[in-house]
Each structure stands twice: as C-alpha cells, then as structure tokens.
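*Asks:* Now for the letters of each chain:
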Amino acid sequence: MVLSFVLFTYGSYIGLVVLPPAVEPILHNNYRILFFHLPSAITAYTAFTVTLVMAILYLIKREEKWDIIAVSSAKAGFFMITAALISGSIWAKAAWGAYWNWDPRETTVLILWAAYAAYFAIRSSIEDPAEKAKVSSILAILCYTTIPLSYLSAKMFFSLHPTTQSLQIGFNVGRALGPMILSFLLMYVSFLILDVKLTKLEMEVEYE
Amino acid sequence: MSDFVAVFEAVMVVMVLVFLMFLITLKKAMDIEKKLK
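Residue numbers (my numbering), protein chains in the order written: chain A, 11 to 218; chain B, -14 to 22.
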C-alpha cells in the first residue's frame, strides 16, 4: 500500500507536471488523462480475469474461499471500470467534443459495466450461500465474455478510440505510465487482501 | 471544456472511486465490530 502511494505520487508528478504537452493539437494537454484512465482500465481487466479464474476454481472444487476471492476481485474491478468509463467520457468531451459518442469501445465497456452490475444484483438476491456461490460463479464466467468484446472492439469496428498499437508509447510517457499501472495494480492487491480477510471474519462472526 | 478542467475532473473521479473502494472495507470492518459488541 505504501509502495503503491509512492508510485502513484511519482507517476502523477511526472504525468501531470513534468511531461510536455502532446504534439497533436486535438490532445495537447488533455492526453494527461491517459495516466489515470489506462491504469484503471488495465486493473479492471486484471480483476475480472482473477474473478473468472476463481469462479472456475469454485465450480471445480466447491470450496467457499474461491467464491470469496471471486466476489472481492469483482468489486475492485467494478470500481476500476467505473473510473475508466467516467474518465474516458470526460476525455471524449475534451478531445472529441461530446461526453458520449456511441463509439464501439464506449458501448462495449458500457455493456461490460451493466453485465457486472447484474452480477452483483443477482448475487445479492439469493439467500442460500451455496446456491449464491454457484449462480454467481456461472454468472462471472458469462460476464467475462464482455471483456474480449470490449478489448477487441476498437480493432474490429471503426473506432475513434486508440488501440495499444496506435498509441506508440515512448520512453517519456512510459516513465509515468509504468509506475501508475503498477500503483493501481498494487492498490487492487491491497484491496483484495483486505476485503477477503474481512469477509472471512464476517462469516466467522455470523456463525458464532 | 478546457484541458485543465478535463484533466482535473478525470483525476478527481478516479481518485474518489479508489477512495470509495477502500471505504467499503472500512464500512465492513465497522459492521463486524458492531456485531462483536
């Protein structure tokens, strides 16, 4: 957590203060949103991948711990994808002129967001713990299909959203982006450890 | 919208959401404490 804070401060300072404005007139200074938008999107994709793996492990082994990790990871992923969606929308207003353009990337990420919102809604509606874990594991697998769809949308369809290849990240941008991505991933790991421990403790208290 | 306002808004949104993410763990810890009393 401390390392994450140090990296966050360093990355923010380089990205927001040290780096010069972009050469492209459309991006100029608003490209600095990238240092917050991309790390939150990468962390969200990582968190949902962990959820998928844990959901599969639960369906194979039927042990409660896999379900606890899956749902904690999905929570972190949901917060991160919301951050990426809103920051992306603000960036779209600055660069393209409107908050929402129904761009393929925007639309598919919105579908992803809605799918995981449904995952939490359905999960909270089931009372039996075993049934809840089984249904949410199946749902987590189904929801994950939206991840490759959103990732590939900018390549498959005509999109204004840049892809990782078209970005051509140089050393200057990389020295701010690298620490920021690492910082967000460490924040996610810290949250996951904390939330899993608290959920286990909560269950122990309830059983007593 | 100026670039400065856009960057400020986006950074604030991301930071608030990260803060909220950790706030739910604090809420959970407080609920556990309440149950233990």
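It should be emphasised that the hints constitute simulated quantities derived from the structure, not laboratory data.
Computed from a predicted model, the values in this text were never measured in an experiment.
We put the CB at the ideal spot given by N, CA and C, even for glycine.
Any given hint could turn out to be false.
To be verified - Per the computed footprint, the stretches of chain B lying under chain A, defined by three or more beta-carbons under 8 Å from a beta-carbon of chain A, are:
1) -7 to -1
2) 13 to 21
Said to hold, decoys possible - Below, in silico cross-link-like pairs of lysine-lysine (DSS-like), each with a Cα-Cα straight-line distance of 25 Å or less:
3) B/13 / A/210
4) B/19 / A/75
5) A/142 / B/22
6) B/12 / A/142
7) A/207 / A/103
8) B/20 / A/165
9) A/207 / B/13
10) A/71 / B/12
11) A/144 / B/19
12) B/13 / A/103
13) A/85 / B/12
14) B/22 / A/144
15) A/75 / A/85
*Asks:* None of the hints should be skipped; say for each whether it holds.
*Replies:* We went through each hint and held it up to the structure:
no., hint, in the structure
1, -7 to -1, "holds (count 5)"
2, 13 to 21, "holds (count 6)"
3, B/13 / A/210, "holds, 11 Å"
4, B/19 / A/75, "holds, 24 Å"
5, A/142 / B/22, "violated, 28 Å"
6, B/12 / A/142, "holds, 22 Å"
7, A/207 / A/103, "violated, 40 Å"
8, B/20 / A/165, "violated, 51 Å"
9, A/207 / B/13, "holds, 11 Å"
10, A/71 / B/12, "violated, 31 Å"
11, A/144 / B/19, "violated, 30 Å"
12, B/13 / A/103, "violated, 36 Å"
13, A/85 / B/12, "holds, 14 Å"
14, B/22 / A/144, "violated, 33 Å"
15, A/75 / A/85, "holds, 16 Å"
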